[in-house]
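One letter stands for each residue in the lines below.
Number of protein chains: 4
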Amino acid sequence: MLPIRKTAKQSKRGILERLDAGEIVIGDGGFVFALEKRGYVKAGPWTPEATVEHPEAVRQLHREFLRAGSNVLQTFTFYASEDKLENRGNYVAEKISCHKVNEAACDIAREVANEGDALVAGGVSQTPSYLSCKDKTEVKAAFQKQLEVFMKKNVDFLIAEYFEHVEEAVWAVEVLKESGKPVAATMCIGPEGDMHGVSPGQCAVQLVKAGASIVGVNCHFDPETCLETVRLMKEGLQAAKLKAHLMCQPLAFHTPDCGKQGFIDLPEFPFGLEPRIATRWDIQKYARKAYDIGIRFIGGCCGFEPYHIRAIAEELAPERGFLPEASEKHGNWGDNLSMHTKPWVRARARKEYWENLKPASGRPYCPCMSKPDGWGVTKGAKELMQQKEATTEQQLKELFQKKKF
Amino acid sequence: MLPIRKTAKQSKRGILERLDAGEIVIGDGGFVFALEKRGYVKAGPWTPEATVEHPEAVRQLHREFLRAGSNVLQTFTFYASEDKLENRGNYVAEKISCHKVNEAACDIAREVANEGDALVAGGVSQTPSYLSCKDKTEVKAAFQKQLEVFMKKNVDFLIAEYFEHVEEAVWAVEVLKESGKPVAATMCIGPEGDMHGVSPGQCAVQLVKAGASIVGVNCHFDPETCLETVRLMKEGLQAAKLKAHLMCQPLAFHTPDCGKQGFIDLPEFPFGLEPRIATRWDIQKYARKAYDIGIRFIGGCCGFEPYHIRAIAEELAPERGFLPEASEKHGNWGDNLSMHTKPWVRARARKEYWENLKPASGRPYCPCMSKPDGWGVTKGAKELMQQKEATTEQQLKELFQKKKF
Amino acid sequence: MLPIRKTAKQSKRGILERLDAGEIVIGDGGFVFALEKRGYVKAGPWTPEATVEHPEAVRQLHREFLRAGSNVLQTFTFYASEDKLENRGNYVAEKISCHKVNEAACDIAREVANEGDALVAGGVSQTPSYLSCKDKTEVKAAFQKQLEVFMKKNVDFLIAEYFEHVEEAVWAVEVLKESGKPVAATMCIGPEGDMHGVSPGQCAVQLVKAGASIVGVNCHFDPETCLETVRLMKEGLQAAKLKAHLMCQPLAFHTPDCGKQGFIDLPEFPFGLEPRIATRWDIQKYARKAYDIGIRFIGGCCGFEPYHIRAIAEELAPERGFLPEASEKHGNWGDNLSMHTKPWVRARARKEYWENLKPASGRPYCPCMSKPDGWGVTKGAKELMQQKEATTEQQLKELFQKKKF
Amino acid sequence: MLPIRKTAKQSKRGILERLDAGEIVIGDGGFVFALEKRGYVKAGPWTPEATVEHPEAVRQLHREFLRAGSNVLQTFTFYASEDKLENRGNYVAEKISCHKVNEAACDIAREVANEGDALVAGGVSQTPSYLSCKDKTEVKAAFQKQLEVFMKKNVDFLIAEYFEHVEEAVWAVEVLKESGKPVAATMCIGPEGDMHGVSPGQCAVQLVKAGASIVGVNCHFDPETCLETVRLMKEGLQAAKLKAHLMCQPLAFHTPDCGKQGFIDLPEFPFGLEPRIATRWDIQKYARKAYDIGIRFIGGCCGFEPYHIRAIAEELAPERGFLPEASEKHGNWGDNLSMHTKPWVRARARKEYWENLKPASGRPYCPCMSKPDGWGVTKGAKELMQQKEATTEQQLKELFQKKKF
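Protein chains in written order, with UniProt numbering: chain A, 1 to 405; chain B, 1 to 405; chain C, 1 to 405; chain D, 1 to 405.
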């Protein structure tokens, strides 16, 4: 068995230093989904005010990812731009302030990163302002505001993530790039490309030209689909003779039935996705395939719990030469089951068993796939406009009528 | 909307005081599964040494359940009997000691319980000694050893849970009863009864006669099956003219295909159960049905995450008159989705949508049900004997041959 | 390979002569479903006027079953009682006459039976009169009328089949028994028993006491469920120290989700049952299991096509010593696939392949099970009354309202 | 209700006369699958010697299709080329002769066509010679030999169908075209094109240039996939400014999981396809969609039973002005169910019920999709060579090893 590397004793090297040396960098998992299930995040707005309200819960989740093998701790600043914090009746900006949410996120991530071999990445994501057709200056100002906190708190590098439109992603990269810190950029798109029809290859080219050193995708699709999208990005970069590191942070949900907009459109989003949750073995397969494609920044997004990150670290342990701390509590391909009381469970303590298992849903009255909602609206549509006030009863009624169950 | 009751300000009344008054008491969820996914528990032995090794992780999970609405925090002492702590190569007893694991569990539970309106319940569970045919005295001594800690730490009441054989459960109740504290007893059986063929009704009768004030089931089966089992217990008690409070703590996994031994036999146990995980809506239906059957101690077991416990608290909020603290981050039947950016997701902000959803698995190559393993071995079978040493290669090889994949 | 026995050259021995000698007797398949798909029977009334309107189609189906191995050709007289032929706007009695339909059925069956080693069985089935609470005399008169034709045409033996109430089945047996010919009786019930709650064992006892030499079940449930029901009948007879031959003629549809009333209640009945159709391999397993239970009259009902009957004959060929004529066109467990052009299909020419195949539905948006309708009405309910006139628009409207889709 | 047009009284107009006038022409269904289930065709070789051995069975199936609404009766000459009749141990050419099989097929089709408003189409299909790399002259000679019979028997038009390679299809059209009779040509390809990578659009162009007046696809894929392929053909023809009538004869099996080679590759082929069988409502949707795409020759292939053809005729009855004879036994969208005894079945007598039904498989242990075999071999591969002798044990053994179950 490979040695377990304790989290506490590494000298820190920068993200590009690692990637340039050919190392595998393991990302973390999705905070909004994990903390929603733990009771600290509200599905709907999905904003990260828990950094101020319940820092112990955010800290604990960071720590679990660190133990599971994460080399990057992203600040919990998803959707923490000022305009998003005051959208549709979510009064976080007013009650707490954008500044405080972002600062607290940096402090917590740094505290835990110091417990092990992990870097802190400050992150920005898409804004309501862009969807509401605000101009470039205004959108950039939102990113600038978050960046100021990241610089003050001296994060190790920056990530622009979860962009549906490459135009906005490029704006974000441009802002972040001015800091002088390395910039990674991931879009939440599938093989069909961004919401304006720009292909993954073209998106990658534009992001690298804007200054990103690392490009890829995150969220919205399952591992298989995300890998295909990153593969297309790689092809696009090669065709354009551009170089960049590749990154992948997919959902831990199976989404073979998604349309262009990804899992948001699935009828099960966000409160009925349980049967789609990936097993640890699904994630081991993902990690191997990501590695084979040439991706070296391998992490996860919504649905990824600490044990999914550990699965990446365990699958790639032979390449890395060590196991993460949380593997003290997990055997390779189930081999700790040899300690189970029941003999037929001990008989499952082997790779070929778990590798070939086709797990049953236990739901014989449910289908295997769903037809995604597809309203075909994007940037500029009236219903996508930022709106500080809560959605009114009348607005809801109109939406219900538009969508028959 | 009903008021949210903050966790911190209640005067504590005892478990029987509450149940006798007709109140609903909400239990907590399963620790071993939740903490396995967080990286602190080893699947296979499933022992709770995390209480000593990583108290912050155990504390955080207790706190999440408290916020979600739990009125009972069970000490994380599952499988913490001395004989289990030194079974099949798991050297916890030797490295840490049974005493310390149990003490730390009590301390952590009490610390969090003091943050809100929750009682601490000390828990014992079935022992390898019983399966290995040790005599009554020896089995009772194992429970006695744990009880000593519970008394020293002055827990509020006691639970004997997860028993497959009513004979052993009765022994446990007898030991616990001597303490003078209220005793609850739950078995991990289904409608077919215990492993020796004793019916649920008969089990309930024997447990009450032994001194349990609260009886029911926990673990091994999905909510629907567990409710049916408790209903049969209720019938058995009525027929015997005995009175007791009823309790139910099922899995948060769908298990319509289980045999007599429950989810342990399913090929997906324990690392492929994801597609079976219950949604919050499944749990709301469970809570309502449990209430209608007359069960007043309503909680969960393996698979129950904090948001599942919150679902119980939200479903029964009209009866209780308040919502739990974690409902600050959750709308009734999805109504926070009215704050979502995408209009078609806002259109899902209503009960009829979620109530009727048949969630797809996203796994078209997988079936809906599995054939459980059924080796038909129980107490006394050679392969069930306690064995201090790790399972040998030769033993594993024999098991693999016995079970073709 | 076992020899193929040509259909044309056997000396005929009676049904009891065969069964008493321990021979396997193979029944035929369901006519109403097969001929509905061929365009000769109307789903809804399900009456057999095709015997007069299109004798060539009925003859051809008989011939196919004969070639497939059937030793019994049932006259196509299902639902050919006078009262059923004039129910709810189906004017067969008026246009053709009950007498002619039954006579033609006997003539066609006899003609084909003479082409091989098969007996002709005259059949009666449950009546609207019984459901409409007509008295015993009136119900018996309906059977008597059909029996007169059977006697005139000198069928080889008689079958009372498809009864939901044992009371009516007993009346039918009593009528048929007076003819002096051997009588078989099958009910369309499952393990829960008849619509009045009489258990399968009790039903069997009553039927044998009334004069049936052969008892069992037909229709309404899949092979597995029907076998379980016959097994319960066997137990009932043994307990009562009665002797009778056992018979089973199940659906060729998978119905694990049926309630007490069987496949009629499934939402897919009768025009969406395709995904439930049994493969030939399902039927081979059924035939083997039926044999092992001790059933010697083994046939099928709705959904059974000629190739399903051939599957029975092929599975039991070792016991019988020969194959049916149609096996000239079919290899044992797929071995004719060795003649296929594509090599990967030739690789499927073996038992272990087909025996273990879990056939996919090709329908990822559909579930595996349905909730059956359960209106809980039976004999005597207003809506079950015989009604000579067509269902009115108003009546339909009331039904639609009663049943939301 | 539209009038039923009796089959017996039409004046015959030619295929092009009808199509040029904008009429809908309904094809028939697949003979090899239907007659295999009836016991007259051997799966594996799939050859049509039943025309000589059991003409009554072939005649009856033709008649059923005629009654169901078919305007074209295809001679049952599928795979009736000399080389196919003596492939891999199938000695039809030797025992019966290619000539006699084709002659009998023409006679039977003509006899039934004369009973109604149907044309006789002589059909040829792909040859083992082509796969074995025989030269153009030799392959054409095989078609020529069948054509001689068709001319002698004076069929109404000709169909070259079931070609995987457009090169061979073009050769077939060239041969048939010399007869002076109208020629239709269909390939068994999907949207990915022929086995050599020629796109559907290019295939259509080549076929029309070779002389086909009608082009399209048959077999190998489900209705939806076939319609998409014909749509691509239409686009190809439009781009090339060519005119031709369009034709579609898909499987009546759901095959969303097929690869390029179609249903042959599915693990369920050919003996486990039951759960994939289309309902009549699936076919009504297909007929409507085909019509909307502009296809006017609409029929079926393997899996299509008479009731599926009737579904086409019923769906398009408003456009055609009449119903087929078999609709005497079938109500529009289930309305004959108003005559059913059980009230909850009468409540299903309406379009919205059947249109929205998602039929359950009744197979909870089976998946919804399969991974197709994909050996990637085609024309010229050793294992595809014609071989007069039966596959040897040694050859089979090699295949079994190549394919693990």
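Don't read these hints as lab results, they were simulated from the structure.
Honestly, I wouldn't trust all of these hints.
Same chains, same names: a pair is fine if it fits in one copy or spans any two.
Unchecked claim - Here are the simulated lysine-lysine pairs, BS3-like style, with alpha carbons at most 27 Å apart:
no., residue 1, residue 2
1, 351, 402
2, 209, 351
3, 100, 6
4, 209, 145
5, 241, 351
6, 145, 342
7, 358, 371
8, 134, 95
9, 402, 388
10, 358, 285
11, 285, 260
12, 134, 358
Quick caveat: nothing in here was measured; it's all calculated off a predicted structure.
Hint by hint, here is what the structure shows:
In this assembly of identical chains, the alpha carbons of residue 351 and residue 402 lie at most 27 Å apart only when taken from different copies (17 Å versus 49 Å within one copy). For the homomeric pair residue 209 and residue 351, neither the shortest alpha-carbon distance inside one copy (43 Å) nor that between copies (47 Å) is at most 27 Å. In this assembly of identical chains, the alpha carbons of residue 100 and residue 6 lie at most 27 Å apart only when taken from different copies (24 Å versus 32 Å within one copy). In this assembly of identical chains, residue 209 and residue 145 lie within 27 Å of each other by CA distance solely inside one copy; the values are 23 Å within and 65 Å between copies.
Taking the closest pair of Cα atoms, residue 241 and residue 351 never come within 27 Å of each other, the shortest separation being 40 Å inside a single copy and 53 Å across copies. Taking the shortest alpha-carbon separations for residue 145 and residue 342, only the inter-copy value of 25 Å comes in at or below 27 Å, while the best intra-copy value is 57 Å. Taking identical chains as interchangeable, the C-alpha atoms of residue 358 and residue 371 lie at most 27 Å apart whether they share a chain (23 Å) or sit on different chains (12 Å). Taking identical chains as interchangeable, the C-alpha atoms of residue 134 and residue 95 lie at most 27 Å apart only when both belong to the same chain, with a minimum of 24 Å there against 62 Å between chains.
In this homomeric assembly, residue 402 and residue 388 come within 27 Å of each other (Cα to Cα) only inside a single copy, at 23 Å, whereas the closest approach across copies is 45 Å. In this assembly of identical chains, the alpha carbons of residue 358 and residue 285 lie at most 27 Å apart whether taken from the same copy (14 Å) or from different copies (24 Å). In the homo-oligomer, the alpha carbons of residue 285 and residue 260 lie at most 27 Å apart both inside one protomer (24 Å) and across protomers (25 Å), since each shortest distance falls under that limit. For the identical chains of this complex, residue 134 and residue 358 are neighbours neither inside a copy (48 Å) nor across copies (39 Å), given an alpha-carbon limit of 27 Å.
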